[in-house]
Every structure is written in C-alpha cells, then in structure tokens.
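**Q** Same order as they appear, the protein sequences are chains A and B.
Under this note's numbering, the residue at position 31 of the first sequence is numbered 31, and the numbers go up by one with no gaps.
Heads up: take any position in the second sequence, counting from 1, add 1000, and you land on this note's numbering.
Keep in mind the hints are simulated off the structure, nothing from the lab.
Source: prediction; values computed, not measured.
Wrong hints could be hidden among the right ones.
Unchecked claim - Looking from chain A toward chain B, a few residues come up when the C-beta cut is under 10 Å (computed):
#1 VAL73
#2 PHE76
#3 ILE171
#4 LEU174
#5 PHE175
#6 GLY428
Positions of the beta carbon are idealized from the N, C-alpha and C atoms, including for glycine.
Here are the chains, one letter per residue:
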Amino acid sequence: MSAPADGSPPDGSPVTGPTEEAAEAPKVGVDEWVARHEERRQAHGGLTGAVIQGWDRVPPAGHLAILFAPFVVFGFVANEGNLYRYGLITLIYALLALGLNVVVGFAGLLDLGYIAFFGVGAYAFGIMASGHSGHHLPAELAVPIAVAFTALVGLLLGLTSWRVSGDYLAIVTLFFLQAFVIFVNNANGGPSDWSYPFVGKVDITGGANGLDQIDPLRFFGYSISTTKGYYFYTLISLAVLMAMLFFVNRSRTGRAWRSLREDPLAAEVMSIPVNRLKLLAFVFGAAIAGYCGTIFGSVQSGAFPGDYDVGLLITIYAIAILGGLGSIGGVVIGALIVNGVPELLRSSENARLLFYGALVVGLFLAMRPWYRPVVVIVGTIAFGFVVHGVAGAVWPRGTAGHIQGGARLAGPLEHWVLLPTHPGRIGGWAYFALIAMALVLTLVRGWWRTLLLIPTLYLAAFVWENELVEQVSGATRLILLGALLVVIMNVRPSGIFGTARVEVV
Amino acid sequence: MNWNLFFGELVSGLTLGSIYALIALGYTMVYGILKLLNFAHGDVYMVGAYVAFFVLQWLGGPLNTDVAGWLAIAIMFLVAMLACGMLGVGIERFAYRRLRNAPRIAPLISALGVSIFLQNSALLLWGPNFRDYGTFDLINVKSYRVGANFLISNIQILTIVTSIVLMIVLTLLVSRTRTGKAMRATSFDREAAEMMGISVDGVVSFTFFVGSALAAAAGVMFVILFGQASPLMGFTAGLKGFTAAVVGGIGSIPGAMLGGYLIGLLEAFATGYLPGGSTYANLYVFALLIAMFLLRPSGLLGSPTIQKV
Chain A
1 MSAPADGSPP DGSPVTGPTE EAAEAPKVGV DEWVARHEER RQAHGGLTGA VIQGWDRVPP
61 AGHLAILFAP FVVFGFVANE GNLYRYGLIT LIYALLALGL NVVVGFAGLL DLGYIAFFGV
121 GAYAFGIMAS GHSGHHLPAE LAVPIAVAFT ALVGLLLGLT SWRVSGDYLA IVTLFFLQAF
181 VIFVNNANGG PSDWSYPFVG KVDITGGANG LDQIDPLRFF GYSISTTKGY YFYTLISLAV
241 LMAMLFFVNR SRTGRAWRSL REDPLAAEVM SIPVNRLKLL AFVFGAAIAG YCGTIFGSVQ
301 SGAFPGDYDV GLLITIYAIA ILGGLGSIGG VVIGALIVNG VPELLRSSEN ARLLFYGALV
361 VGLFLAMRPW YRPVVVIVGT IAFGFVVHGV AGAVWPRGTA GHIQGGARLA GPLEHWVLLP
421 THPGRIGGWA YFALIAMALV LTLVRGWWRT LLLIPTLYLA AFVWENELVE QVSGATRLIL
481 LGALLVVIMN VRPSGIFGTA RVEVV
Chain B
1001 MNWNLFFGEL VSGLTLGSIY ALIALGYTMV YGILKLLNFA HGDVYMVGAY VAFFVLQWLG
1061 GPLNTDVAGW LAIAIMFLVA MLACGMLGVG IERFAYRRLR NAPRIAPLIS ALGVSIFLQN
1121 SALLLWGPNF RDYGTFDLIN VKSYRVGANF LISNIQILTI VTSIVLMIVL TLLVSRTRTG
1181 KAMRATSFDR EAAEMMGISV DGVVSFTFFV GSALAAAAGV MFVILFGQAS PLMGFTAGLK
1241 GFTAAVVGGI GSIPGAMLGG YLIGLLEAFA TGYLPGGSTY ANLYVFALLI AMFLLRPSGL
1301 LGSPTIQKV
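The following block holds chain A by itself, in its conformation from the complex (with noise of 0.2 Å):
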C-alpha cells in the first residue's frame, strides 16, 4: 500500500478509494476463502446457526464430555450382548481410525497396510499371552511390549516412505497388508512353512486356524472378564488418546504433519524433517493399532487370519473419511454410523425400517421444494402398486414370493413388491438395471430425475427384498461402505464432519 497506483500525486494527501477497498479485501497471504471462514459460520442462521455458535463456545474439554456422555450411559444400561455389538466394537473401531487419522488425516500418507498393524498387536500380545504359546506374561507387561513391537514394524514399514510417495506407498503399504496375511495364515510350522535357520521350523501363528486361548488383559492381578469391563477400558482409552491427539494436533509436529499433507516439498523447502516426520507418523499409527490389536485379540480370545482383511480396512477407512479425515471428534460419530447402522441391519424387520426410513429421510434431505419427494414418494407407492396389479395379471410367479422373516411391513409391502418365488437370476438382472439407473440419474437434472427417481426407488426396493436383505452381514455390508466411499470423495471430500480443505494454488 505504499505507493498509490492510480497516479494520485505522492504528496501525502489522503487516497480514498483504493485504501477503503484495501481493508476489504483479506489480509496478504491468507486465503480469501480460510479468511472468510468465520463468516461464513456466523452466516447460518436459525436453529442450526445457534447450534454452531453454542458449539463452538464450549472448551474442548466438553466437546470430549458431551460425545462421551451418551457412551458411559450406555455402557451402564445395555444388556452384553448389545454392549458388545454396537458398543464395545464401535469403540475398537473409533480408536482403530484414530490411528489412521494420524498417519492419513494429519501427515497424508496414504497408508493401505494399517489394518496389518492391528494384526501384529493382536498376534504379538498373543504370542506373549495365550494357551496356544504357552507362555502367560501379565498385561502391563504383554501389552507394551506388543505395542512397541508394532511400532518397530510400523517404523520398517514406514522406511519405505522415504523412498516411495503417494499412490507408490499405497500400493506397498496395501501389498505389505497382503503379505501379512499369507503369512500369518501359513506360519504354523506345517510341512509348507518355512524352515528357519537354527531354529527350524515353529508354529508361530497357528495358521489357518488361529492363534487361540489368548488370555483376558491381566493388570497386576485383576483381569477384566466381562464385556462391560473391556467396553469401559477402550473407553478410557480412546478418551485418553484423543485427548492427546488433541494436543498433539495443535503443537509443532502436529503443524509440521499437516504442511507435509499439504505440500510435502513446500515443507521441505521450510527446512522441516519431512522423512522424520514421516516416519513419526507410521509410527504413531501403527502405536494405535497394535495397543487396539491387543484389546481385540484378548476380547475374541483368539486371532485369526481372516480377522485382518481389506474389509476391515475399507471399514476404518469409511469411518475415517465419514468422519471427516484430520478431525478427531469425527471419529467416533463415523464409528458409530459405519458399525452401528449394519448392526442394526443384521435383524430383518429392523433392516427394512432403517432401509425405507433412510430413503424417506435423504429423499427429504436432498430435495428441494418440499413437495417434490412428497411427489416421488407418493408416487413410487402408486407406481409399485400399478406394476404389481400388472405382473399379477400377466406373471403370476412374480408375486407368489414372500418376505423374508416376519415384520411389521410385510403384509401391505407383500403386496407392493414384486417377489418372485426364485429370485436368482431375476434378482441379479435387477441389480444390474439398479446400478445403471442410479448412475443415469447422477446425468439428468431437474423434473427428469424427479420422475426417474419414482422407479429407480422401486427397483431399489425390489433389489432390497429379493437380493441385498439376505447377506447384509457380509456383502451387502461392503457394498454399501464401497458405494459411499466413491459418492463423498465425489460430492464432499472433506466427510461429513471435516472442514473444507482449500487447495492454494
């Protein structure tokens, strides 16, 4: 602002006009999008405006207390069973992809082998702690020793880095998942393992079968033996860990993590350790996952092979993303999401209500004006009706099948869905049609797509009944966490949860 550009004489006079649009504009070298943040929050008005600013008002403290809350309620309310599904699982899950935050969301490697490293702690504290090793070591012991041999395999694993970046780290990283699980399912000393020098062959692992009788964590004498008692220990856990996290976010290394996520040769130019900070991170990760991996084998009692998979680590990774990857707080809501709402699948009746229910909701949430999912419902209820009259009339086995498993809805929905009495080949067709009209409908605009909705949502609901209800455990689950993966790196890549990135250029 030192010399006026317009030609006004430099005598000293006051220049108006361009100093008044100086202090309009951002600050120099600050986004105009980051410096405009803030008001954009302020911006929102109403309910969810107050919510936003009453949020942010509470100290980071009560942020942990608020989200923690409603889990200590239910670990003391819940019956074991439900403690364990949607309880104890959804927390092993938060802390697994606390860990993940830290080498994806905070220094941006994109590590495709962490769900190895959950493995390792869980084999390594079995090894320490199991019937099937013969060796019994407390857990004050067991459990720091397995964490600090994850780390170590975190830290090889991370050399890597040093070499190889970006897509080329995932593909080893997923590779070393890989080779981690033709290991772990063939170390077992039979007669196609290896033979080791001096020692020959060992059963390390137990192969195929599993690395069972693995001991309850045993701190100085007390073990926790129910679920209650592991719920609240991960608990604790995870709170402690976020905490740290927390802290460790907003400290230099934290810093320092995030410039390397940003632009890792910019933050080499700025003198900062990349390939330490690299390293830190993978072992910071693999930390996570081995003390989670020692929780996890001795609430299974047992490690086994198929345990550590690329369905589980597509998992986290949904949940990491869900949650919004660099946020901490986003973990556990994504945790809740990913592994309640399929719990909640896993019984039928349950399955359709949230299956109709969330269609319902995100037709509300998606569309505007407010009649027009009035229009698309209303008008899928008459379109399934009008297509059931007619097969009626002119396929009679189209409408001979009967809903799986007794619910509420199965009498009026008996007589909206077609349901075949073999479905198979029908249904593989119909899932194909499903896949091909949702992704037209991601093309059309407008009144096109509200009316292509009316049977798209019908073929969905057809596929649901006669395909997708029977495996929702197992495919149908991953299906889905597939299918949401590519639809927010396609509509908001930043998750639910996490803030905007801004790409600089």
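With the hints as your guide, set chain B onto chain A.
**A** For chain B alone, coordinates are given in the frame of chain A:
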C-alpha cells in the same frame, strides 16, 4: 540339474507372466495418462473371467459346445473384452472424472471404493465359492514335447501367443494411429493437449476401454488355463499386475510386458526352487517390489521423472 522341473517352471512362468503383463498394461496406460492408480483394475479382470465363464455356459458348457471349440474361445474373448471395456469406461465416467483435479488422495479412495463394490457385488450375485469347470475340453488339450524335457500344452501356447499378439496390436495402436498420437499427447501434457483440440475426455475413456479390455483378456486366459473363477481372484492379481508395471517402469508399455513376464517367472521359479516357495511366492514378489523401489524407482525401462515446481 533337474531340467524337467526347470522347463516346467519356465513354461508356467511364461503363461502366468502373459496374464500379469496384460493386467499391467491397463495399469500403466491409465497411470500414464491420468497419474491415477486404478485399484479397481484387478476386479475388472475378475469380472472378465466371470463373463467368459457365463459365455461358455451359455454356449453349452465346456464339454459339448454348440459351436466349434476355437469359435467358442473367440466368442469368450470378444464378449468379455467388450463388456469389461464398457465397465472400465463406466467406472472412469462415474467414479474418477469429477475428481480429476481433486487432491491426490480422493480418486485413490474412490478407486478403493469401486474395487470393494465390484468384489462384493460378485460375491453377492455369484456366490463366494470358486466356479469350477471340472474338466476343460473345449479344444483337444495336447502336450507337445520338444527335445527330451521341454513340455508345453497347446493351451499354454495359445495363452502366450494371444498375449503377444494383443501387445503388438496395442503397440501399433499407440505408435501408429491418430488416437494413439492423441493418447501420447494427453499423457505428455493434459492441458496443452486439450488446448490443441484433443478431446481429453474421449482419450481417457478410450484408454480405460482398452486397458479394461486387456484385463478382461487376461481373465479369459485364466479361465481357459485353470478352469475357475472366484470373486477374490482380482485382488492379488491386481497387486501383481501393478508390481509388474512398476518393475518395468510405470507409463512404459514395453516395460509393463517385461515386468509381467519377470513377475510370472519369479513366481514360478520361487515355487520350484525357493524355500517355502509354493506358500510364500507372493512374499517374494513383494520383496521384489520393495527392492525395485529402493534401487531403481523409475523401473527397468522407465525414464526418471523430474518434479516441476
């Protein structure tokens, strides 16, 4: 030295290598143009194998086909390549196109999503078990003996020859045709190519079509050779195809072929000669990948990349 074993592993290494080379070509072409790692590529290969399987079933099964054996094989290749080519174009259009200028991590995660989606759709629709022919008798399987110990079957010859023919066609396509020129230009500098009037979207779609069709051809070969298909077969094969592309130098077409044959031979000879080879062959391939990254990150035939700032 046991020449019988040696030649046996050599032939099986070359046949496996042909499959890996064809998969690697798809990786390398897509990477060359978009700098995108298409995780779903291995699953396209899996879909190709299933399509071939269903075509064969539709033609009357492996034992009594309605048409001549060689024609059945040709139809299998044609249908699988067309279907998977279209699948590849669809994947690009709906999962990657919007992310072309997004941060690097976004298309990778999207690709992971597509991969798991395809894998589990196959699991849902076609069941978790291997689809198996039992016996394969489309063409009269014969083995030819050359010299004292060199034994090769006509199916293995068919695989190797088909893959070589496809690679020659691809090389000609890229080096001699107008489309190939557009592909090379896009790979060299996407923005400049767009300004020169090249339809980048068209080129990318075409690349995905060709790459996926080659993966499908590899899938058909696998079905013909081993007579089976399973939903999870694409994952490991995709990893090895990528390793082959890296070993040969990613972005380089002859490099992908070389890498494919190298990986195939390594796997076969590891099975034959290295300790614990039959179970841990994949671990040796992994070791090769790591070694390659540490010693020569640009691959055997790749040119080192210079990062512009």
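**Q** The structure should be examined with respect to each hint, and the outcome stated for every one.
**A** Hint-by-hint comparison with the structure:
1. VAL73: Interface hint status for VAL73 of chain A: violated (34 Å vs cutoff 10 Å).
2. PHE76: violated, 36 Å
3. ILE171: holds, 5 Å
4. LEU174: For LEU174 of chain A, the interface hint holds, since the closest Cβ of chain B sits about 7 Å away, which is under 10 Å.
5. PHE175: holds, 5 Å
6. GLY428: Holds, about 5 Å.
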